[in-house]
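K.L.:
Dock chain B against chain A, hints included.
Protein sequences appear in the order of chains A and B. Numbering follows this note's numbering, with no gaps: position 67 of the first sequence is 67. Numbering follows this note's numbering, with no gaps: position 49 of the second sequence is 49.
It should be emphasised that the hints constitute simulated quantities derived from the structure, not laboratory data. Mixed in with the good hints, there may be bad ones.
In this list, chains with the same sequence are indistinguishable; a pair is considered to hold if it fits within one copy or across any two.
Claimed, not checked - Calculated pairs, BS3-like style, for lysine-lysine (alpha carbon to alpha carbon, straight line, at most 25 Å): (1) K422 with K253; (2) K88 with K260; (3) K34 with K95; (4) K311 with K88; (5) K88 with K422; (6) K34 with K12; (7) K34 with K486.
In this text, all values refer to a predicted model and were calculated from it rather than measured experimentally.
There are 2 protein chains.
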Amino acid sequence: MRLSQFHLRTSKETPADAEIVSHRLMLKAGMIRKLAAGIYTWSPLGLRVLRKVERVVREEMQAAGAIEVLMPSVQPRELWEETGRWQKFGGQLLKLKDRKEAEYCYGPTHEEVITDFARQELSSYKQLPVNFFQIQTKFRDEIRPRFGVMRAREFLMKDAYSFHLADEDLQREYRNMYDTYARIFTRLGLRFRAVFADTGAIGGSASHEFHVLADSGEDAIAFSTGSDYAANVELAEALAPGPRPAAGETLRKVDTPTQKTCEDVAALLGIPLSRTVKTIAVIGVDETGAPQFTLALVRGDHAVNEIKLAKLPGLADYRLANETEIREHLGAEPGFLGPVNPRRAVRVIADRSVAALADFVVGANENGYHLAGVNWGRDLPEPALVADIRNVVEGDPSPDGRGTLAIARGIEVGHVFQLGRKYAEAMGLTVLDANGRAATPTMGCYGIGVSRIVAAAIEQNHDDAGIVWPEAMAPWQAVVCVINPKGDAAVNEAAESLYRELLAAGVETALDDRGLRPGAMFADIELIGIPHRIVVSERGLAAGTFEYRHRRASDAEQLDRAALFARLRAS
Amino acid sequence: MRLSQFHLRTSKETPADAEIVSHRLMLKAGMIRKLAAGIYTWSPLGLRVLRKVERVVREEMQAAGAIEVLMPSVQPRELWEETGRWQKFGGQLLKLKDRKEAEYCYGPTHEEVITDFARQELSSYKQLPVNFFQIQTKFRDEIRPRFGVMRAREFLMKDAYSFHLADEDLQREYRNMYDTYARIFTRLGLRFRAVFADTGAIGGSASHEFHVLADSGEDAIAFSTGSDYAANVELAEALAPGPRPAAGETLRKVDTPTQKTCEDVAALLGIPLSRTVKTIAVIGVDETGAPQFTLALVRGDHAVNEIKLAKLPGLADYRLANETEIREHLGAEPGFLGPVNPRRAVRVIADRSVAALADFVVGANENGYHLAGVNWGRDLPEPALVADIRNVVEGDPSPDGRGTLAIARGIEVGHVFQLGRKYAEAMGLTVLDANGRAATPTMGCYGIGVSRIVAAAIEQNHDDAGIVWPEAMAPWQAVVCVINPKGDAAVNEAAESLYRELLAAGVETALDDRGLRPGAMFADIELIGIPHRIVVSERGLAAGTFEYRHRRASDAEQLDRAALFARLRAS
Chain A
1 MRLSQFHLRT SKETPADAEI VSHRLMLKAG MIRKLAAGIY TWSPLGLRVL
51 RKVERVVREE MQAAGAIEVL MPSVQPRELW EETGRWQKFG GQLLKLKDRK
101 EAEYCYGPTH EEVITDFARQ ELSSYKQLPV NFFQIQTKFR DEIRPRFGVM
151 RAREFLMKDA YSFHLADEDL QREYRNMYDT YARIFTRLGL RFRAVFADTG
201 AIGGSASHEF HVLADSGEDA IAFSTGSDYA ANVELAEALA PGPRPAAGET
251 LRKVDTPTQK TCEDVAALLG IPLSRTVKTI AVIGVDETGA PQFTLALVRG
301 DHAVNEIKLA KLPGLADYRL ANETEIREHL GAEPGFLGPV NPRRAVRVIA
351 DRSVAALADF VVGANENGYH LAGVNWGRDL PEPALVADIR NVVEGDPSPD
401 GRGTLAIARG IEVGHVFQLG RKYAEAMGLT VLDANGRAAT PTMGCYGIGV
451 SRIVAAAIEQ NHDDAGIVWP EAMAPWQAVV CVINPKGDAA VNEAAESLYR
501 ELLAAGVETA LDDRGLRPGA MFADIELIGI PHRIVVSERG LAAGTFEYRH
551 RRASDAEQLD RAALFARLRA S
Chain B
1 MRLSQFHLRT SKETPADAEI VSHRLMLKAG MIRKLAAGIY TWSPLGLRVL
51 RKVERVVREE MQAAGAIEVL MPSVQPRELW EETGRWQKFG GQLLKLKDRK
101 EAEYCYGPTH EEVITDFARQ ELSSYKQLPV NFFQIQTKFR DEIRPRFGVM
151 RAREFLMKDA YSFHLADEDL QREYRNMYDT YARIFTRLGL RFRAVFADTG
201 AIGGSASHEF HVLADSGEDA IAFSTGSDYA ANVELAEALA PGPRPAAGET
251 LRKVDTPTQK TCEDVAALLG IPLSRTVKTI AVIGVDETGA PQFTLALVRG
301 DHAVNEIKLA KLPGLADYRL ANETEIREHL GAEPGFLGPV NPRRAVRVIA
351 DRSVAALADF VVGANENGYH LAGVNWGRDL PEPALVADIR NVVEGDPSPD
401 GRGTLAIARG IEVGHVFQLG RKYAEAMGLT VLDANGRAAT PTMGCYGIGV
451 SRIVAAAIEQ NHDDAGIVWP EAMAPWQAVV CVINPKGDAA VNEAAESLYR
501 ELLAAGVETA LDDRGLRPGA MFADIELIGI PHRIVVSERG LAAGTFEYRH
551 RRASDAEQLD RAALFARLRA S
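The shape of chain A in the complex, shown without the other chains (with noise of 0.2 Å):
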């Protein structure tokens, strides 16, 4: 592609509205063009690269075995009814009426259609197990679009969806889909995990997430450095520590005057953070259904998890105890609590890794003062319960007790489902099965954020030049620039030349025949990322040699066209 005769508009201003950095990198570039709230036009810049994530999903999923139909984006009210989806799907339902006051949606996805579509095409076993899947555009209306198309309404997503009589079926097709995904991630040059993942509001039996890897991620994800385990932090299990150590201090009270956290009573006493105990307050019910004072205990290093504890007996609807409830109870302030002689009977709930600790501190109960040296029976009585509260921390052992956890931030841009039965009870969808009689299948469903993908990339590939394409993703892999164009014959007889010469190696190339000055020039191919930067300059000519750039190195090097080739064929 000459850039000549290409469309780009790149962009020197930061946008004031783009708060994170793939939006403003998408708009610097002229990816992407705002038309309304979460609703972008795709430049051709843009589409060149959305098209490369297109391809590589379809191929993948092809290559799965996977078969592509394409579903409408508009919807019938009647079997989202079905399903119970018109009212539960919640506000993300874009609704709109025909002329004939006919209620449709614009689709958020394709459950409902693909089973009305396998009503009319499935009836025998002998056509299972099959995968449909689509590469369509889709509209949730969400509350708050931002982000630019990394949290969009319209944006373009691949769903696949499995039909299945036998669950083992399901299963393999659900390991051939989640090893699909990991090819396509793959080669896509992304750097991911895929997490065990709540199911949320899809329903269903089993679920991954696949995240980008990137700083700015929305999720936190725990992942073993010695195994492929990965679990959002919320969800990833904190191991027992080892045993209990024997007491070897005496209980003794503490000065803590203004030392309300446990970071400061650990700095005046000299002690790790970790010998320090939190202490929050919950009210839950017994099993009467009585309000329930609660304590729950984390050390002063962890952080308690909310949807742990609320899972908990009593907990699964527990608030936070007000202050009148806590001085009834404990007889002090917030900052001073702890689980030693309260005033009232509370229920005591610790961390595993509380209850493995000898010679900790807490609140005394009393305004200014904490207990050093506390040990479980003897100044107190062994707590109620003992369970995981708390989020996994980085070096805390793998649940599947292989490495240890680290912590990074993911971008979720796959996820796939088992689905089960659900669709296909709710809407009458059976096939006959080898004996002849009606069976209702089970489904498994596999989304891919085929545009959100685009803007992950970035996140997790961009330096304070601009985009770092991976070379799967990148618009073209090599640009050829002209310095001078109109200046001097040879200088664009070469570059022409060596244009042609990378075409018909079958690199992808783009020639900068605009004219630019130099500056300006690698100013934008920098900023729109493209891997191979090769200049074709006077001075290059007389040594016979040519510029060449990687995009993450550094520094150019000279080489001449033999070297040149040698290293477009090697990266």
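P.N.:
Leaving out everything else, chain B in the frame of chain A:
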């Protein structure tokens, strides 16, 4: 593709609600499934064909220098208010509101969006000319969606929009797109015509429609057998015939008691239909604006053209005269009307071919009688106006003076417009010209109904057994049919090896390994229209031959491997 791994779902039943052959065949072949009125899912088979069309369109648009973008389907009301089309577009515009009650439409076309994009992207004459295209889903809320994807509500369209400073640049790009469209339809293997067209609601100054020729087409097209002239029948000019012959007969009144049509009168008198004249009584206005009773005369073998009539002075809003008006002016009933001796003064407009008649026959303005041997200037005054007011017919001279006209029916699948500055002006799009002054670009727009082409191709290419795809649109070019795949290992092996050889030779091939009996398998393959069918059977293997049949051939041939490959290469 192994058909055992594909999802093919044909049906023997003829769908009751499908009115045209392409709709019937697409349903029977299982290419589409209806989701709602005018909304269809494309099955794996249908999508393969749709993608073929999409790819040809994309490649030719790119080869012509157009640059691909992707605009949203959901468009804000504000943009449509800028051009006044939010109100004017009419009921086809599917309007919707998001959760914040902001108004949008599902884009039926993208003039507003691309002009808004251009406002952000284009600032200098140096960026022009430029032509942006997209292949994208659109929605038009048809009052009566029908004919399957031929007139669907949700459909796939290629739309392109070009921007130019000089009118000559627009002319050049218009011609470029015209030629590109011709290449696209030629490459798709379709018989088509480019037709002069009215611009209709989109506005602008020049346009052509591209029609796929098919007997079932909605539009009648007149095209020259001696040039590339083609026009909608209603717009094609009927040239004046040679000079009027001298009068040869005397005026006489003939008894036509029950003969009210030209056909009946011509039969009774034993004269050619072309010697009779039809009289149509209409009410227009005179120079003062007062109602004016007017007779429009066309030959008995011609049909009056209402569009042409309405272009004449005083007839812009004409209506047919009612019986009272007719009786008052002519004194007879319809069937016996004529321009000779009216009761009251009337305006007589003669079609060019009527003005060139001598010795013709008209109604006598007396019930039960006609006049024969009528001559202008002798029996009645020369007509007040001679004009082209009829539809052209087969055999008329071509308006461009080359060849004669043939009439065919066509399905509109493409449209090229010169929009001019209408949208740019309404939306305030300007760029700086070479002198640094703000100038308003002129625009072209160019549409192709991608999904409609699939149906149109079937209307043009089918027989009793099913679809007969042009090579470029076929889901596969060739199919290898295995007779009794579970029976004979040698047959299987031979089929497998032929299948792989064909793929290696670049022939897009399906292997029908579904294990159907030959009759059912062949019926499927004919129905879905694969051009080349190759049967591998035990008997053929013994003879060292394959059975080959082209979809358009009436018989199969026995060919050895070399002859088979030669045949496929030749096609």
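K.L.:
So, for every hint listed, does it hold in this structure?
P.N.:
Status of the hints after comparison with the structure:
no.	hint	result
1	K422 with K253	neither (58 Å within a copy, 85 Å between copies)
2	K88 with K260	neither (44 Å within a copy, 68 Å between copies)
3	K34 with K95	both (22 Å within a copy, 20 Å between copies)
4	K311 with K88	within (24 Å within a copy, 58 Å between copies)
5	K88 with K422	within (15 Å within a copy, 45 Å between copies)
6	K34 with K12	within (17 Å within a copy, 49 Å between copies)
7	K34 with K486	neither (35 Å within a copy, 58 Å between copies)
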